[in-house]
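Participant: Start from the sequences and build out the full structure, keeping to the hints where you can.
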Amino acid sequence: MDMSKIRVIFEYEFRRGLSAAEATQNIIKVFGKGAASERTVCRWFKKFRSGDFNLENEPRGRPEVKVDNEELKAVVEADTSQTSRELSVRFGVSKQTMLDHLSQIGKVKKLDRWVPHDLSEGQKRNRFDVCLSLLSRHKLEPFLHRIITCDEKWVLFNNRKRSSRWLDWNEPPKHSAKPDAHQKKLMLSVWWSISGIIHYRFMKPGESITADVYCNELEEMMRKLAIKHPRLVTRDKPILLQDNARPHVAQATLLKLQEMELETLCHPAYSPDLAPTDYHFFQAYDQFLQGQIFNSQHDVENAFLRFIATRPPRFYADGIYKLPSRWQRCVDSMGAYFD
1258 MDMSKIRVIF
1268 EYEFRRGLSA
1278 AEATQNIIKV
1288 FGKGAASERT
1298 VCRWFKKFRS
1308 GDFNLENEPR
1318 GRPEVKVDNE
1328 ELKAVVEADT
1338 SQTSRELSVR
1348 FGVSKQTMLD
1358 HLSQIGKVKK
1368 LDRWVPHDLS
1378 EGQKRNRFDV
1388 CLSLLSRHKL
1398 EPFLHRIITC
1408 DEKWVLFNNR
1418 KRSSRWLDWN
1428 EPPKHSAKPD
1438 AHQKKLMLSV
1448 WWSISGIIHY
1458 RFMKPGESIT
1468 ADVYCNELEE
1478 MMRKLAIKHP
1488 RLVTRDKPIL
1498 LQDNARPHVA
1508 QATLLKLQEM
1518 ELETLCHPAY
1528 SPDLAPTDYH
1538 FFQAYDQFLQ
1548 GQIFNSQHDV
1558 ENAFLRFIAT
1568 RPPRFYADGI
1578 YKLPSRWQRC
1588 VDSMGAYFD
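Numbers given in this note's numbering equal positions in the sequence shown, counted from 1, plus 1257.
Hints were generated in silico from the structure; no laboratory data involved. It is possible that some hints are incorrect.
Think about it this way: if two alpha-carbon atoms lie no more than 35 angstroms apart in a straight line, the pair counts; the simulated DSBU-like pairs of lysine-lysine are [as the list claims (entries may be wrong)]: (1) K1441 - K1330; (2) K1303 - K1410; (3) K1461 - K1303; (4) K1303 - K1262; (5) K1485 - K1396; (6) K1330 - K1442; (7) K1352 - K1323; (8) K1323 - K1262; (9) K1396 - K1410; (10) K1396 - K1481; (11) K1441 - K1303; (12) K1461 - K1330; (13) K1330 - K1303; (14) K1352 - K1303; (15) K1366 - K1410; (16) K1396 - K1442; (17) K1286 - K1381; (18) K1485 - K1579; (19) K1441 - K1481; (20) K1481 - K1410; (21) K1303 - K1366; (22) K1442 - K1579; (23) K1396 - K1323; (24) K1461 - K1441; (25) K1410 - K1286; (26) K1381 - K1396; (27) K1461 - K1352; (28) K1381 - K1323; (29) K1410 - K1442; (30) K1579 - K1481; (31) K1579 - K1513; (32) K1579 - K1381; (33) K1442 - K1303; (34) K1286 - K1303.
Facilitator: This is the structure we're talking about:
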């Protein structure tokens, strides 16, 4: 059968709302087994989802892979710590193509997180309002000593980075092994206050944070906090500072926080520059990890213990006590990024 006619049927089945598998079965029932393969139908359905309904033959040579920007945006916002290389492998495109698409959806890397390249006026206004409110509260009732803050981070087994080299014009480039885009990594969850680490956990390989996992971490953190700082739990009352990652704001998490009667500090979206774990703790941890290679989860965990052991006495307090000055800088910049 003429392939141009088959493609019309592909589009018809797509517009009916069928899956690629269902469409393939329908076509085979009518036209026979050789009429279409599920892989081909999947490829065309992906093209239609990107908004491209051109049914002409694709150009010869390496086929162009299209990235659905809506899908990319959802993937990035589900885990803002992913690297452009990891995203390019996931979508099957070059790193430069991925960077182009990240630019198209307005994302830029800030403090190891993907955030909007240009904050909208509404986002700036929200950052301004939140920071102004927090500054007013802090002046009336100092509360930094009550803050418990947390976040998650992927920790790589291989932390060596390729470096650029200056070469003579006629000198061939030195070859070095390319970094493995699929290299091993572990998710770290860490909770701390001005007094130091309260709780941390490395997830199992391949495991990441979900709402259920986060609720369990909340319970474990509060159990340890009651042992380490009972006065904070029974008298002063802790205040949780967390970002707006999906597991942190899921319905199950909100119900758990309500059940625990744990106050949460207002935190504007897309604001790693206002999160102590991002601008202070993880920045120091990244510097500590530079150049290190680990062979096992045990090695990764031991390195984290060394990192904690080598922090100066005021490391944790310094990170949280920077908050008022950062809130003020955000207000001074009318909600725009200030770093």
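Participant: Each hint: holds or not?
Facilitator: Going through the hints against the structure:
A distance of roughly 24 angstroms separates the Cα atoms of K1441 and K1330; the hinted pair therefore holds under the 35 angstroms criterion. A C-alpha spacing of about 31 angstroms is found between K1303 and K1410, which places the hinted pair at or below 35 angstroms, so the restraint holds. Between the alpha carbons of K1461 and K1303 the distance comes to roughly 33 angstroms, so the proposed pair stays at or under 35 angstroms and holds. Taken as a hint, the K1303 and K1262 pair is honoured in the structure, with Cα atoms around 18 angstroms apart against an allowance of 35 angstroms.
For the proposed pair K1485 and K1396, the alpha carbon gap of about 28 angstroms is at most 35 angstroms, so the pair holds. Restraint check for K1330 and K1442: satisfied, since their Cα atoms lie roughly 23 angstroms apart, inside the 35 angstroms limit. The suggested pairing of K1352 with K1323 holds, with an alpha-carbon distance near 13 angstroms, which does not exceed 35 angstroms. Of the supplied pair hints, the one linking K1323 and K1262 holds, its CA atoms being roughly 23 angstroms apart against a limit of 35 angstroms.
Using a Cα cut-off of 35 angstroms, the hinted pair K1396 and K1410 holds, with the two alpha carbons roughly 32 angstroms apart. Between the alpha carbons of K1396 and K1481 the distance comes to roughly 30 angstroms, so the proposed pair stays at or under 35 angstroms and holds. Simply put, K1441 and K1303 have alpha-carbon atoms about 29 angstroms apart, close enough for the 35 angstroms limit, and the pair holds. With a C-alpha separation of about 27 angstroms, the suggested pair K1461 and K1330 falls inside the 35 angstroms cut-off, and the hint holds.
A hinted pair counts as satisfied when its Cα atoms are at most 35 angstroms apart, and K1330 with K1303 qualifies at roughly 16 angstroms. With a C-alpha separation of about 20 angstroms, the suggested pair K1352 and K1303 falls inside the 35 angstroms cut-off, and the hint holds. A distance of roughly 15 angstroms separates the Cα atoms of K1366 and K1410; the hinted pair therefore holds under the 35 angstroms criterion. At most 35 angstroms may separate the alpha-carbon atoms for a hinted pair to count; K1396 and K1442 exceed this at roughly 42 angstroms.
Between the alpha carbons of K1286 and K1381 the distance comes to roughly 56 angstroms, so the proposed pair goes past 35 angstroms and is violated. Note on K1485 and K1579: the hinted pairing holds, with a Cα-Cα distance of about 24 angstroms set against a maximum of 35 angstroms. Between K1441 and K1481, the direct Cα distance comes to roughly 30 angstroms. Compliance with the 35 angstroms bound is thereby established for this hinted pair. For the given pair, K1481 sits about 21 angstroms from K1410 by alpha-carbon distance, which is consistent with the 35 angstroms threshold.
With a CA separation close to 28 angstroms, the supplied pair K1303 and K1366 stays within the 35 angstroms bound. Taking the CA atoms of K1442 and K1579, the gap is about 30 angstroms. The hint holds against a cut of 35 angstroms. Taken as a hint, the K1396 and K1323 pair is broken in the structure, with Cα atoms around 52 angstroms apart against an allowance of 35 angstroms. For the hint linking K1461 to K1441, the alpha-carbon distance of about 11 angstroms falls within 35 angstroms, and the restraint holds.
For a cut-off of 35 angstroms, the pair hint linking K1410 to K1286 is broken: about 49 angstroms separates their Cα positions. Of the pairs offered as hints, the one joining K1381 and K1396 holds, with about 23 angstroms between alpha carbons and a cut-off of 35 angstroms not exceeded. For the suggested pair K1461 and K1352, the alpha carbons sit about 28 angstroms apart, so the restraint of at most 35 angstroms is met. This hinted pair checks out: K1381 and K1323 have alpha carbons roughly 32 angstroms apart, not beyond 35 angstroms.
Between K1410 and K1442 the CA atoms are separated by roughly 10 angstroms; this keeps the pair inside 35 angstroms, and the hint holds. Distance check on the hinted pair: K1579 and K1481 sit about 25 angstroms apart at the alpha-carbon level, within 35 angstroms; holds. Distance hint between K1579 and K1513 is fulfilled; the C-alpha atoms sit about 29 angstroms from each other, no more than 35 angstroms. About 20 angstroms separates the Cα atoms of K1579 and K1381, which keeps this hinted pair within 35 angstroms; it holds.
A hinted pair counts as satisfied when its Cα atoms are at most 35 angstroms apart, and K1442 with K1303 qualifies at roughly 30 angstroms. Restraint check for K1286 and K1303: satisfied, since their Cα atoms lie roughly 23 angstroms apart, inside the 35 angstroms limit.
When the structure is compared with the earlier hints, violations turn up for hints 16, 17, 23 and 25 and for no others.
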